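Student: When you get a sec, could you build the whole thing from the sequences and use the hints?
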Amino acid sequence: MRVLLLETSPGVATEVSAELEAAGHAVERCHDAGDDAFACNGLLEGHNCPLEEGIDVAVALTDGATADGVRCTLRRHVPLVIGDDEDVPFAEFATARAGGSLLDALDAAVATPLARHGAAALRSERSVLEMHGYDSTAATATVVRNGTTDLLVHLDPGIVVSKQVADILSVRVVGAVRDIDPYARIIDVSVQDADHSPINA
1084 MRVLLLETSP GVATEVSAEL EAAGHAVERC HDAGDDAFAC NGLLEGHNCP LEEGIDVAVA
1144 LTDGATADGV RCTLRRHVPL VIGDDEDVPF AEFATARAGG SLLDALDAAV ATPLARHGAA
1204 ALRSERSVLE MHGYDSTAAT ATVVRNGTTD LLVHLDPGIV VSKQVADILS VRVVGAVRDI
1264 DPYARIIDVS VQDADHSPIN A
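With my numbering applied, the sequence shown corresponds to residues 1084 to 1284, in that order.
Because the hints were derived from the structure by calculation, they are not lab data. The reader is advised that the hints may include incorrect statements.
To be verified - Estimated spans, in silico, between C-beta atoms of each pair: (1) 1246 to 1122: 23 to 29 Å; (2) 1122 to 1227: 29 to 35 Å; (3) 1121 to 1157: 17 to 23 Å; (4) 1276 to 1128: 35 to 41 Å.
Keep in mind it's a predicted model, so treat the numbers as computed, not measured. Glycine residues also receive a C-beta, built at the ideal position from the N, C-alpha and C atoms.
Tutor: Structure representation (structure tokens):
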């Protein structure tokens, strides 16, 4: 995985970086080694922001200060892992805490459904179902990341719907999720129990 390592100051997470690289992960940073805290690579000529190139998960193991890059990470909806005992202002936005194993926490964070995306998808799904006379009570929606830039949306209306309605669901839900996450490159939608029999005009 491509892991963005967020530090309060250069060199703070040297051991963590070594652990990640030993496990086969590619470690990215907001700053090159030895650079000042400002400006980040996204502002320097000849450099690129790692978030723009795609990141699977970010790690902010800090000493209690706000790590550089956390705001950018959260705005792009990249899963964030923090220390198990971290007391930081952004703790409520973290996807997972690194308790016994940092590597396990990374895997868990990447696999965790995106709650805000899922809520938006579900609202849109229910709206479409009700508009077409379906009961939306049992409907569910789950959104997960697929790689560094794409999203997978799984809709379960809780009932069998026509292909026409399934197609409308896909289009409307993509729009709802895109409103929240304009950074996603591709948003794929699957509809559970869609009836793909021919539609009689």
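Student: Does each hint fit the structure? Answer for all of them.
Tutor: Hints, one by one, checked against the model:
| no. | hint | result |
| --- | --- | --- |
| 1 | 1246 to 1122: 23 to 29 Å | 51 Å, violated |
| 2 | 1122 to 1227: 29 to 35 Å | 33 Å, holds |
| 3 | 1121 to 1157: 17 to 23 Å | 19 Å, holds |
| 4 | 1276 to 1128: 35 to 41 Å | 53 Å, violated |
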